[in-house]
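One letter stands for each residue in the lines below.
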Amino acid sequence: MDFTFNEEQYFFQQTLKDFLTDNVTPASIRRRWDSDDGFDQDAWRSLCELGTSATQIPEDCGGLGLRFDDIIMMIQACGQAALPEPLVEHSFIAAPLLAQLHASQPSERVADILAAMASGEAMVLTASMINPYVNFAHSATHVLLQFGDDLHLIDSKDCTLTHVTSVDRSRRLAEVKCQPNGTTCLTNGRLGSELWQATLNRGALANAAQLLGLAETLVQMAVKHASDREQFGKPVGVNQAVKHLLADCAVKIEFAKPVVYRAAYTLAVAPNRADWAVSHAKVSATEAAQLAARHCIQVFGAMGYTWECDVHIWAKRVWALANEWGDVGFHKNRIHEWLVQPKALLGPEFTFGRRNIRDVEHID
Amino acid sequence: MKLSFSAADEAFRVEVAQWLQDNLTGEFEHIRFRGGPGDEHVFVEERKRWEQRLAEGGWTCIAWPEAFGGKQATIEQQVIFNEEYARAGGPGRVGHIGETLMGPTLIEFGTPEQQAKYLPGIRAGREYWCQGYSEPGAGSDLGNVKTRAVFDEATQQWRINGQKVWTSLAHESHYCFVVARTDPNQVGHKGLGFFMVAMDQLGVTIRPIEQLTGTAEFNEVFFDDAVCAADDILGAPGQGWAVAMALLGYERGVSTLGQQMLFQNELDEIIRVAKTNGTSQDPSIRQRIAEAHMGLKTMRYNSMRMLSGAEGSQLNREAMIYKLYWSSWHRNLGKLAMDVMGEQAEILEAAPYELNRLQSMFLFTRADTIYGGTNQIQRNLIAERALGLPREPRGQS
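Residue numbers (the numbering used here), protein chains in the order written: chain X, 3 to 366; chain D, 1018 to 1414.
Hint data in this document are derived by calculation from the structure and do not stem from the laboratory. Note that beta-carbon positions come from the ideal geometry of N, C-alpha and C, so glycine has one too. One or more hints might be untrue.
According to the in silico footprint, chain X covers these stretches of chain D (three or more CB under 8 angstroms from chain X) [stated by the list, open to error]: (1) 1211-1221; (2) 1304-1314; (3) 1391-1397.
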């Protein structure tokens, strides 16, 4: 039993974190807000050159073939930086979807697109039925479209985009319309259904990890502010009423971490039985991030309510990601539907020890 | 990251479970699931005999080094033992303060003579300990202890005067570890000593404190010229604070996993009642049951993570926030239990004041957010030590 990450996993995270700290600053995010497409081509190219787009792509397609628990902290790092570019959508949701397809049904077409994704030549995003909009669809080269159980790979030239405006200026959303047909279809039926189920779980968990990262940065900002800002001759953070707001956030965040990491592990070793773990992770991380967003703005006082203050860059991403890939209600339903059903495997026998890893944390 | 147990660990689990199944029967059958938090006053004699049965089987003090009679069990084995113990309904451990707090502290700070004097009785399940930290004027502010220890050159003994409070199992214990001031000219964390004091002497008076549950697990302990030998001080005079804090570090160890198993038993009982009386159909109740279940899983993952990264008795960030998390979770569970019971929640099992398991749990959760550091104190610690917010100026004492 080991709940820790190895050196390699920390190295991947640190490399990405260092790049994001240097290159994705609040000022550079605000510059994207003022541009037409909201997309920083240089940042994207550099991210691909770092190898981030290749992590989930099989080695025989030019990728690194890493597991989901290897990269979960990279997703968290994207959240910490409030990265606008759809690295998570491309590298950690679309890529493993195609990699999973390639593993059960290898084809040249999928191998080619995976290779192009690894190098950054192609940018592929996912249009799942659970999400009404696709983030940065206008920058993508291809879209993976869900149509029932069908999985279609569609050239973005063949898509019609209807843009909508997000509360988060960093997100550029569009409704994607296109005409799927026999030639665009990669797979369907049972395999298609399995792929989309796994994709829902990866999407929800990827959002959970980003929410965790967003929450961490929000608390850091609030701690710094509460330590610097003085009123009545002392830092406002001396007061317990302020301290306790942030302590509550710290508890939620620290306790959401193992839940998210655990779900990543389950996705890696038993992707078809990860529903329970993923839903738990999405709920925990969302609640932590929403509390952090609320308390951080409160701690910043009136400044926190201004456009000029950077807090809303992170807070608004929290509000947006909270509802993508299933909101808290959706995920809580997946849990309690299972809990109170007559055949639910309840009791210490199933929560602890013996049968814990193998049998419990999924909803059959 | 690898979240499964090895084959050797699984074999250890079978060994523990089998031993418990073979031994927790007959004269011990009726004390299964009894004597836990909120229930510590029941079946004390049987539970003492049970401690000795455990000791004979080699199941006390398994985490201790072999040199002191332990098994030097790995973290995984300790986790497994605690899980299987709770799963089997192992009764509340009369010896747990000696085994999990005093023993490790003696092993860390004690002289060979002190270790030889006290450890075997703990290991054998024959000598029990209680904790003398809190005082009427020193609750959260432990540095404010007023109990005094003066060395009497004539008798070559320490002479102790003062009052301790909230002392669990004082009347069943052979010894109490007492934090007392050795240097009357010092205040706060300075000038304290850590003493091992025999309870069976004229200078010690114990008075039970009746709680709002109608039971009395806590006591007041009065020291009026109580004595202990010259070498019954652990560490030097003036080092009491360091020893006292090191002991608390052991409080947040693997025993938390056993506690989680007890929580699971309570949650199962709530689900059983909800299914029986139909409240399980109420969407708001269902949500709260789901939340409770998630919270419990979260605690387990967090403990595992905490223990995987544990180094010595160092208090890390996760450990620091654990108390606040579980006490709040358990408080909500108590509320959920009462809401699931509905109007029956008010009706006691029997006169004069016999509570059922869930009622007793609900009332006991009122204490969870207070003892071992109130939720408010925990938040101060997290904010100042884990997040690094500026410290609040301390008042004059």
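Here is what the structure says about each hint:
With 0 residues bearing a CB less than 8 angstroms from a CB of chain X, the segment 1211-1221 of chain D misses the requirement of three and the coverage assertion fails. Counting residues of the segment 1304-1314 of chain D whose beta carbon lies closer than 8 angstroms to any beta carbon of chain X gives 8, which reaches the threshold of three, so the coverage claim holds. Note: the segment 1391-1397 of chain D has 4 residues with beta-carbon separation from chain X under 8 angstroms; the three-residue rule is met and the coverage holds.
In terms of the numbered hints stated before, the structure departs from hint 1 and from no other.
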